[in-house]
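Chemist: Single-letter residue listing:
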Amino acid sequence: MGLKRKILELHKKREEVLKGGGDKAIEKQTAMGKMTARERIISLCDTDSFHEYDLFVEHEARDFNMDKKILHGDGVIIGTGTIYGAPVCIFAQDFTVAGGSLGMMHARKITKIMDHALKMKVPLIGINDSGGARIQEGVNSLAGYGEIFFRNTLSSGVIPQISVILGPCAGGAVYSPALTDFVFVVDKISKMFITGPEVIRTVLGEEISMEDLGGARVHSEITGNAHFFAKSEAECFEQIKKLITFIPWDNTRKALKFEPKEPKPEYNISDIVPGDPRQPYDVRDVIRAIVDDSDFFEIQELWAANIVIGFGRMNGDTIGFVANQPLVLAGVLDVDSSDKAARFIRYCNAFSIPIITLVDLPGYLPGVDQEHAGVIRHGAKVLYAYSEATVAKMTVILRKAYGGGYIAMSSRHLRADFVFAWPTAEIAVMGPEGAANIIFRKEIMEAEDPDKMRKQKVKEYKEKFANPYVAAARGYVDSVIEPEETRKLLLHAIEVSGNKSVFLPQKKHGIPPF
Amino acid sequence: MKKIDCDDKKIRCKSLVIDGTKYRTTLNKKFTNRKAWEKPQKSRIMSFIPGTILKIYVKEGQCVKKGDNLLILEAMKMQNLFRSPVEGIIKSINMKVGERVPKGKLMIEIGYQ
Numbered sequence: 055m056g057l058k059r060k061i062l063e064l065h066k067k068r069e070e071v072l073k074g075g076g077d078k079a080i081e082k083q084t085a086m087g088k089m090t091a092r093e094r095i096i097s098l099c100d101t102d103s104f105h106e107y108d109l110f111v112e113h114e115a116r117d118f119n120m121d122k123k124i125l126h127g128d129g130v131i132i133g134t135g136t137i138y139g140a141p142v143c144i145f146a147q148d149f150t151v152a153g154g155s156l157g158m159m160h161a162r163k164i165t166k167i168m169d170h171a172l173k174m175k176v177p178l179i180g181i182n183d184s185g186g187a188r189i190q191e192g193v194n195s196l197a198g199y200g201e202i203f204f205r206n207t208l209s210s211g212v213i214p215q216i217s218v219i220l221g222p223c224a225g226g227a228v229y230s231p232a233l234t235d236f237v238f239v240v241d242k243i244s245k246m247f248i249t250g251p252e253v254i255r256t257v258l259g260e261e262i263s264m265e266d267l268g269g270a271r272v273h274s275e276i277t278g279n280a281h282f283f284a285k286s287e288a289e290c291f292e293q294i295k296k297l298i299t300f301i302p303w304d305n306t307r308k309a310l311k312f313e314p315k316e317p318k319p320e321y322n323i324s325d326i327v328p329g330d331p332r333q334p335y336d337v338r339d340v341i342r343a344i345v346d347d348s349d350f351f352e353i354q355e356l357w358a359a360n361i362v363i364g365f366g367r368m369n370g371d372t373i374g375f376v377a378n379q380p381l382v383l384a385g386v387l388d389v390d391s392s393d394k395a396a397r398f399i400r401y402c403n404a405f406s407i408p409i410i411t412l413v414d415l416p417g418y419l420p421g422v423d424q425e426h427a428g429v430i431r432h433g434a435k436v437l438y439a440y441s442e443a444t445v446a447k448m449t450v451i452l453r454k455a456y457g458g459g460y461i462a463m464s465s466r467h468l469r470a471d472f473v474f475a476w477p478t479a480e481i482a483v484m485g486p487e488g489a490a491n492i493i494f495r496k497e498i499m500e501a502e503d504p505d506k507m508r509k510q511k512v513k514e515y516k517e518k519f520a521n522p523y524v525a526a527a528r529g530y531v532d533s534v535i536e537p538e539e540t541r542k543l544l545l546h547a548i549e550v551s552g553n554k555s556v557f558l559p560q561k562k563h564g565i566p567p568f
Numbered sequence: 370m371k372k373i374d375c376d377d378k379k380i381r382c383k384s385l386v387i388d389g390t391k392y393r394t395t396l397n398k399k400f401t402n403r404k405a406w407e408k409p410q411k412s413r414i415m416s417f418i419p420g421t422i423l424k425i426y427v428k429e430g431q432c433v434k435k436g437d438n439l440l441i442l443e444a445m446k447m448q449n450l451f452r453s454p455v456e457g458i459i460k461s462i463n464m465k466v467g468e469r470v471p472k473g474k475l476m477i478e479i480g481y482q
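As given, the protein sequences belong to chains A and B, one line each in that order. Per my numbering, residue 55 is the first one in the first sequence, and the count goes up by one each step. Per my numbering, residue 370 is the first one in the second sequence, and the count goes up by one each step.
Worth flagging that the hints you see were computed from the coordinates, not collected in a lab. By construction, the Cβ of each residue, glycine as well, lies at the ideal position given by its N, Cα and C atoms. Check each hint, because a few of them may be wrong.
[What the hints assert, rightly or not] Part of the chain A face toward chain B, derived, beta carbon under 7 Å:
1) Gly259
2) Tyr321
3) Arg332
4) Pro334
5) Tyr335
6) Asp339
7) Gly417
8) Val422
9) Gly488
10) Asn491
So here's chain B without its partners, still in its complex pose (with noise of 0.2 Å):
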């Protein structure tokens, strides 16, 4: 039986607080990798899902009503059209009519005036 000793390097013993509480232990993948928290915008136009560019209806600098069509995103044989949802300018539109896109880009941003 081998005694664990957290000065052991070896081990690479971390703290984790739990309520207040200091514990020395070893951390896993899943929590190291473990991402922050974003609150998710609006004007932020994100890929749901990974697929290919199909359409896009706007241009940077142009001006969009809410409900304007911005692009349209092929998934899974399913053409996604992306509706503005707030009233703004396009600020910048990080893709090409073609490209494929993973899941979670930021494919378009609306600046406000």
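Next comes chain A alone, as it looks inside the complex (with noise of 0.2 Å):
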């Protein structure tokens, strides 16, 4: 055979194995509203950036008759492209083969390009949409799975890992999403769950659908599995591109710089938090009035929306932002919107993300459900992120910071490196009428007309208390601010921390509440 035979031999291998589950399945999939794995990456990735592997990789299985199926790529498309320039490695679940099954080839295709993230040092992008194990192939099935969570585990914090859950993603098969950095979502797309609507049904005879039960509302609102909710596939890919300016390729390297912009002159910040404590407002504006070009990139917008994560630029550097949020249950910590804070501040320690934190809260959320759901362990979580953060912490107390919730957020105590608050803070152990309450309890009780009495007190304690004058007699705030010089002395403070280095004891590694 000549040289020209041999190279058209290989055209039609690959258009072949190209064709994935055939016209057939690929209909099936179109009319689900699903783009297919490929269109996927193509969408994904630079223009003619993407280049694929172990296209000829064939399954193993000789049980059940499996002997007698191609299945073409083992259902799992795997390789390099770049987004905005930046490497990737990528992996795509192909529904229309086998239902996008695992089994052991298909786990290795995906373990190899997890390794090749891993040595190569850039992100890992796992687009998963399979039916689950490939029952067939038995215990080999279930190896291939625990071969990829163990390699989750050990990329993390090291590689940005991404999953993006564009079908169902059930059984086993969601524990390597929940142990990625980031998981994307698609509405009536996506589904994640343990345990089917089926097995609920026969086991327990609860009748629920598979949206009610795993759908990406649910994981954005209610679960916090998610962390971008999407309502077309296209639009996620442009949230997954977004993303990826924002965050560095390793622990090693910075994120890529971006001309530095001024914040739009329609976010005022003086003009957006009211005077009065108990009044709300969007804490995202303060951002946004603080941030370059206003460009404020929220992480779980929906769950948790107590407190608000995400990304911003300062001087054309990534910078995170957590910020008690006063529009949403009074901005107060609980369970959740501690979940939400604490990961979100390792993940930035991690990959050397300075941290930015806004800080108007009137404490813990009250109430049995809280007590009981563990609020002191999910709440410790807080503290023990800021506590061993080692990254540039820079603090604005803008009203609120009271009791617990003040040592919380990112106090000079746990080791911010700046602290700062506008002269509407309010840092004192508890709100002015509980401390009042307390205090002069005797006095209230006592008094000819109490109510008279506990407002008087109130009023005293407030003009003497909640004020940022008694913390910054101590040191513990660093500068009482005026808000328009927030901007300013932030870029000042990430500029001169530029080169911060602190040591921790040695351990193997702390034992945070989780």
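Put the complex together from the two separate chains, hints included.
Modeler: So, in structure tokens, the structure goes:
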């Protein structure tokens, strides 16, 4: 055979495999409103940047007549490409081939690209669209999952790991996304659960749809398993691309620097926060008034909205933001918001992204449900995460910083590098009403008009303690600043902490409360 | 930028009291759907897991001693035997053999004399 014929043969082989599960299966996929695995990769990567490997991999299953079955690429596509020039390793499960089921060779392809990502120190993106374990392959399929989970854990904090759920992701398969840094879901397409509606119906007699059990909305609003919610696959890919611009490619590098831009003038920082600490506002507007181009990229927008987390840029560099949100549940810390903030702080620390914390919270959410749900150990995660974080930590106290909430929100005591407070800040052991009721209990009870006395005592307490100067007098606050000065001072703080180094006690690892 | 105006009905501002101070804010689903806590009562036999009633050993009006067999609830292929935690009279039986019960259902109530 001449060279030409051999090349022709290669073309034929390629063509055959690129058909995936065939026209019928592709039609079905499209009918479900889903793109095919290859279309997805092409939409995500820079034009012509994607290169596929292991195209000709075949499965080795022999039982249950599997030896007669051809599964192109064994139901998964792996390769490397670029996104806005950033190198990435990608795998995408192909639902058209045996429902994207995971067999031994399928898993081996995934672990190959995972190993590659970890070795080359580039982000890993996994597109999940799979019916689950390939039952015919038995324990080999389970072994495959285990090998993936192990690599997810090994790569954690070294390279960014992104999971995109674009179809079912059920049973053990859900644990790979759960171990990664960011999970993207799409409305009506993503479905994640450990046991599906069928099992729940037969075993427990409860009727629930896939959507209500583990749809995109459920994981974005209720469970907190997902970080980004999109209405379409196209929107989802835009979100992923944007995220890639904000994060470093690995834990030894910095994210790409962008052209610094001033915030948009419509975000007037002096005009957002009401003077009355009981009135709400949207803290995201304060962030937008601080960051470059007012571009704030929020993470987990719909879950535990009483705390806001996300990325913005300052002088072109990526910064992580954590902020209490007075607009939702008065900005309290609770089980979910503690969980959300703590994990993000650890992400920023692992990838050396400085953290700016904006504080305005009345404390922790009271309630039996909170106490019984373990608000103690969940709340402790925030203390742990801030304390262990060695990145530059800047704190701005906008208004209320009461009690345990004050300590938790990147206070001086947890080694914040810079603590600024606005003149509207109230740094106190608790809110004036609560404090006055305890301190002046006797006077109030014995007064002729207890209500009048209470009001007077609250007023006295407010005047004396509801301000930033008591904390500033002890050096717990470095500087009381005007709102307009916030961006300027934060830029300066980031600049002078560029070479920050902290030495922690030697240990294998700590025991965070999770 | 939209300024937050609590009097705007679209925002649905509510009050939340923390340490004696009333804050104007919005509430989320999880908060509004939370259930009031109830003190668990020994005499109310609840299902701790969803499952199927395999056997009922008692009848309404029957006297039971502490430790007497009440019922078997099968769940996740495990047969769970419920014994009476108190002495008393079976006040009500709220399910039949073969019935599927959800988690947290009051199955049997025991009354005292």
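Chemist: Next, verify each hint and record whether it holds.
Modeler: Hints, verified against the model:
no.	hint	in the structure
1	Gly259	holds, 4 Å
2	Tyr321	holds, 5 Å
3	Arg332	holds, 5 Å
4	Pro334	holds, 5 Å
5	Tyr335	holds, 5 Å
6	Asp339	holds, 5 Å
7	Gly417	holds, 6 Å
8	Val422	holds, 4 Å
9	Gly488	holds, 3 Å
10	Asn491	holds, 6 Å
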